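Engineer: Spelled out from the first residue to the last, the chains are:
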Amino acid sequence: MTQTMAPSDGRAWRRFKRNKGAVLGAITVIVIALLALFAPVLAPHDPDMPFKSRTLTGAGVPIGPQREFPLGADPLGRCELSRLLYGGRVSLAVALAATLLLAIVGTSIGVVSGYFGGWTDTALMRVVDVLLSFPFLLVCMAINKIVARPGIWVLFLVLGFLSWTGLARQVRARTMQVRSLEFVVAARALGASHSRIIVRHVLPNVLSLVIVLCTTLVAEMIIVESVLSFLGVGVVPPTSSWGSMLQESDPLLRTVPRLLAVPGLAITATVVAFNLLGEGLRDALDPKA
Amino acid sequence: MTSFLLRRILAALAIVWAVSTLSFFVTLKLGDPVATILGPRASARDRENVRRYYGLDQPTYVQYGRYMARLSKGDLGMSYRYRRPVSTLIAERFPRTLLLAVMSIAFEVIVGVALGALAAARKGTRTDQTIMAGAFVTMSLPTFITGKVFLLVLAYYFGLFPIGGYGVTMLDHVYHALLPALAISLLSTAAYARLARNELVEILQAEYVRTARAKGLSEPVIVVKHALRNAMLPIVTSLGLSFGALFTGAIVTESIFAWPGVGRLAFDSVSGLDVPVIVGCVIFGSFGIQLGNLLSDVAYAFLDPRIRHG
Amino acid sequence: MRSIPRRSALALCAAWMTFAACKDPYPTPRFSGAGATSERRGGTLRVAFDTDLRTLDPAQAYDELSTAVVHHLNDTLVDYEPNTGAIVPQLAERYELSTDQRTYTFVLRPNLVFSDGTPLDSRAFVRSFERMLNPRKVPCPGTSFYHLIDGADAFAEGNAQHITGVTTPDARTIVIRLSQPDQTFLNAMAMSFTSPVPVDYVERVGNDEFARNPIGIGPFVLERWEMGSRVVIRRNPRYWNPQRPLLDKIVYELSLARHLQFMRFQRADLDHANDYALTTADYLSLNAQPAWAPYIHRAAEMAMYGVAINCELPPFDNANVRRAISFAIDRDAIARSRNYRIRPLGGIYPPGLPGYDAHLPGAHEYDPERARRELREGGYPNGLPGEHELWLTEGPGAAVYGQLFQADLARVGIRIRLKFASFPVFLEMTQRRRAVAMSFTGWNMDFPDPSNFVDTLFHSRNATEEHAQNQSFYRNPALDALLDRARVEPDRARRLSMYQEAERIVVRDAPWAFMFAPQKIEVDQPYVHRGDHSPVYPHDLRNAWMDLPLRPFVAGARR
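Residue numbers (this note's numbering), protein chains in the order written: chain A, 1 to 289; chain B, 1 to 310; chain C, 1 to 559.
These are calculated hints, taken from the structure and not from any lab test.
Model, not experiment: these values are computed from the prediction.
Note that the Cβ used here is the ideal one computed from N, Cα and C, for glycine as well.
Among the hints, a few may not be true.
[Claimed, not checked] Among chain C residues calculated to face chain A with C-beta under 7 Å, some are:
| no. | residue |
| --- | --- |
| 1 | Thr280 |
| 2 | Leu284 |
| 3 | Arg336 |
| 4 | Asn339 |
| 5 | Gly397 |
| 6 | Ala399 |
| 7 | Gln403 |
| 8 | Leu404 |
| 9 | Leu418 |
| 10 | Thr456 |
| 11 | Gln519 |
[To be verified] Cross-link-like lysine-lysine pairs, in silico, DSBU-like; alpha carbons within 30 Å at most:
| no. | chain 1 | residue 1 | chain 2 | residue 2 |
| --- | --- | --- | --- | --- |
| 12 | B | Lys215 | B | Lys73 |
| 13 | A | Lys52 | C | Lys520 |
| 14 | A | Lys20 | B | Lys123 |
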């Protein structure tokens, strides 16, 4: 049996279930994820196909919602709903993949640093200091500039590799706590190897912390992705993401506010949902996080 | 305290050095200044001259050496687009960014802490719930959406604020800064409100507060005089961090509101591939972040008698 | 905190409804003029740009904003007559061309002085001219316009102290001798690179300081430049023409994002809105409001946009493939997505340019059947294999055209990938041989003459290894010969018909997929009178005046 500081699963689940906000957040997250996952099935049209005179009026204004185009058309006469669904795919995929990457990097570095201490710790924490002292957004923009073929992959790598520092610091602190716990000290005295202690004792104890932090980090990544796309250094057209949809809505803002509302509400709803889920998980799994 | 400060300053300088070195090598690949400076019609001879002027005909290690030598004197090189020193460009724009930063931080702290205190004092009531719910949603709103909506509704439709820009006189600058400062601070205001509330709730249950209550002091007096002072510690420390982050300006907000600060300069130089300015802004930003960390550490050491370094 | 979701939803709905319920507060203009019928002096005119001002040195200014401001601070020997576009003397009192078409003689007006009082004679002019052409003194982007002057190349390379072809027989006369006749030389002399600057002052303060605190000879002088934010210029009391300018001051707001400009204009915080200030929404709301109609100005812009196709890179060395690309483009759909503010174009010359041919035989148009046929004839019955890159400059503008182009080509079986690059990288790559297959690009005239389009873009002389102006790397000896003859042809009608012939050759070989010509659409406040303005310099306010004092706007009132 693994000894942990976190409450047992059954109790955590009961606590989570009682938190209505968390449940709602979880449901919303699942629904949005399903919509994005099944975008090719659900989308009524090819998201990159302009329908020209069918969707743009003689003055060049995109038509409003109607049966064939449930959310109307975008400024280029493409199906707004299809772009929203496919855009959600991109936004969520980038955010989730980046979070996974930063979780792996951040947890490994945090655990190694906190467990071994000494010069390993010092060296790793100096790396963290340097990374933390880069102006994040500016560096993201500059890196997107340098690469020959920007796009989803670059976005995910940049976000993942630049934002693990906060997580690593918290994991490190937790690892240091765990390391000084009695049962770990005992295991060490009994001659258990470092890798065994890390796998059996440290990781299970930091896992709940990582899960809680990552849930809110997904929300943050969604926002960062949309900001970068909004600034024109995110996904490459014709690929849509919620941020690029917002950017494209810009020139029509005052005439067709729907074009701001659709991706804007999608972003807000997703972020709120992930944050609610994160709060719920924190209360349930790791109140100290 | 002195040796702690000294060590801290040395560490900060080392980090800024690491950042500058990294930025130098990462941006080496980025564009040639020739097209930026001369445009499409220049002759081969003119191109050669420009390359020599910027020392780009030299090997990398020579360029790096020169770069570091200049940097140690505070010289960040020459901008490709403006053909002026980067440090001058930043110096011209920094007061504007600073104004925006100071105004938004003031707003964040005052409004955030006030709301947090109110929520803590009315813990569990409808007021508390409303404030916390508002803070929660606000924290989920991307700045560029709120900024846009503010601009359109408050500045244009209601005519309460200027439509972007910077203004002419000092008072005018402050007036122009109100809306962008509000847009920047919204997110952090919510964060401070939550932080302040949670700190206060904890403190209000502490022993000495209960004693104060027992002595018959009124609740507002307790919140303001006893609890708030103790709750300021985490707030002051995170203040240093937000201050540092605002050094490179709020890139998004400055572009939306056409605020001619460092953030706008950085954004324009990324689009125009003005490498010396990009690198200059990154270094300046990291300098700001280190300064913010330092201030926050000092404040922490100063405010909390239990922590006395060295 | 159970009520968070409900309350959040309510708050969002409320915010949204407030937003949606907002009505445009300024549907009509706010102010009219006093009703003056003739020019008046005075007033401060406020305009805005979304870019930042880089330099005020006429030898270095070549971007739109720098040129616009520099144009008001400086004069040139000759200039364009606003209505006809003919070249007329400006700083020169008169000029002559020798019978062999190679020697130009300019005689300066008497008693010219710079805004600081320094006199300008022919020698001072030549010193300034030589500064501009000396790469060791200043990096001027326009030196190539003047390389036909005798000795200009030797001078630029540092092999001569002076330009042998430029002489000053007396204090008011400047003689310029060319190595061969050039019908566009006067156009080049009307460009602001040649504006005289006080060289002593420049050398005393240095180029960088001069670029910020310039002294010129034009109708306005610099009053204040707040970096990144605002430039104010005011009337030059020493200007040689006492009738001009009419305005006291012009304020240029810098780096003001486009979406802000028109809101400011509607609130009467700006007096003039440039065409690019009008977003789609602005343009539509403006059109929907008849009160604005008299104050909207539409003019053809002397520019052409399209896709340059690299004729050296297979499969685009095949003219069938190039024609297939061009005939696949639905130009009307593109114009529609821009509210018909651009006009479909099937050839090189935009409407309004001398030599424009409204009935150009073989003009490119939307014909997907023809596109498929061309592909079949070119040996690709099943569409073009592979994915091909289209290079674009960053920014939402080009992205719109790129995506529509991509969708149109997909319909005939050509797959395109969009590659966005910042302007410097875009130039670097698209102007290099065998580097880029296709690029969305355009040409904005330097002066109103067909040679500036067809010679620059399609002469094989300009298809160099690097930094090629001929971005399609199209080479046709017959065309080269025709262009070389046209360049020296003195008879205007014959010359224009030669350029029309050249256009027909190019259109047949389709090194470009021509797409559209933009229209310039601008709005003034009712109290602003633009006056005659230059056909070449955008944003020309030299003859503008304001009808002050302002009164509340009355619909239908005389402007």
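Engineer: If a hint holds in the structure, say so; if it doesn't, say that too.
Structural biologist: Tested hints:
Annotation: interface hint on C:Thr280 holds; nearest CB of chain A at approximately 5 Å, less than 7 Å. Interface hint at C:Leu284: satisfied, since its Cβ lies 5 Å from the closest Cβ of chain A, which is below the 7 Å cut-off. Using the Cβ-Cβ criterion of 7 Å, the hint placing C:Arg336 at the interface with chain A is satisfied: the shortest such distance is roughly 5 Å. At a threshold of 7 Å, the smallest CB-CB gap from C:Asn339 to chain A is about 4 Å, leaving the interface hint in force.
With a least beta-carbon distance of about 10 Å to chain A, the hint placing C:Gly397 at the interface is violated under the 7 Å criterion. At its closest, the beta carbon of C:Ala399 sits 5 Å from a beta carbon of chain A; the interface hint therefore holds under the 7 Å criterion. For C:Gln403, the suggested interface contact is upheld, since its CB lies about 5 Å from the closest CB of chain A, less than 7 Å. Below 7 Å, beta-carbon pairs count as interface contacts, and C:Leu404 has one with chain A at about 6 Å; its hint therefore holds.
For C:Leu418, the suggested interface contact is upheld, since its CB lies about 6 Å from the closest CB of chain A, less than 7 Å. The criterion of a C-beta within 7 Å of any C-beta in chain A is not met by C:Thr456, whose closest approach is roughly 29 Å, and the hint is violated. Checking C:Gln519 against chain A: minimum C-beta separation of about 14 Å lies over 7 Å; hint violated. This hinted pair does not check out: B:Lys215 and B:Lys73 have alpha carbons roughly 61 Å apart, beyond 30 Å.
Restraint check: the Cα-Cα separation between A:Lys52 and C:Lys520 comes to about 24 Å, which is no more than 30 Å; the hinted pair holds. Proximity of A:Lys20 to B:Lys123 is assessed by CA-CA distance (about 19 Å); at most 30 Å being required, the pair is judged to hold.
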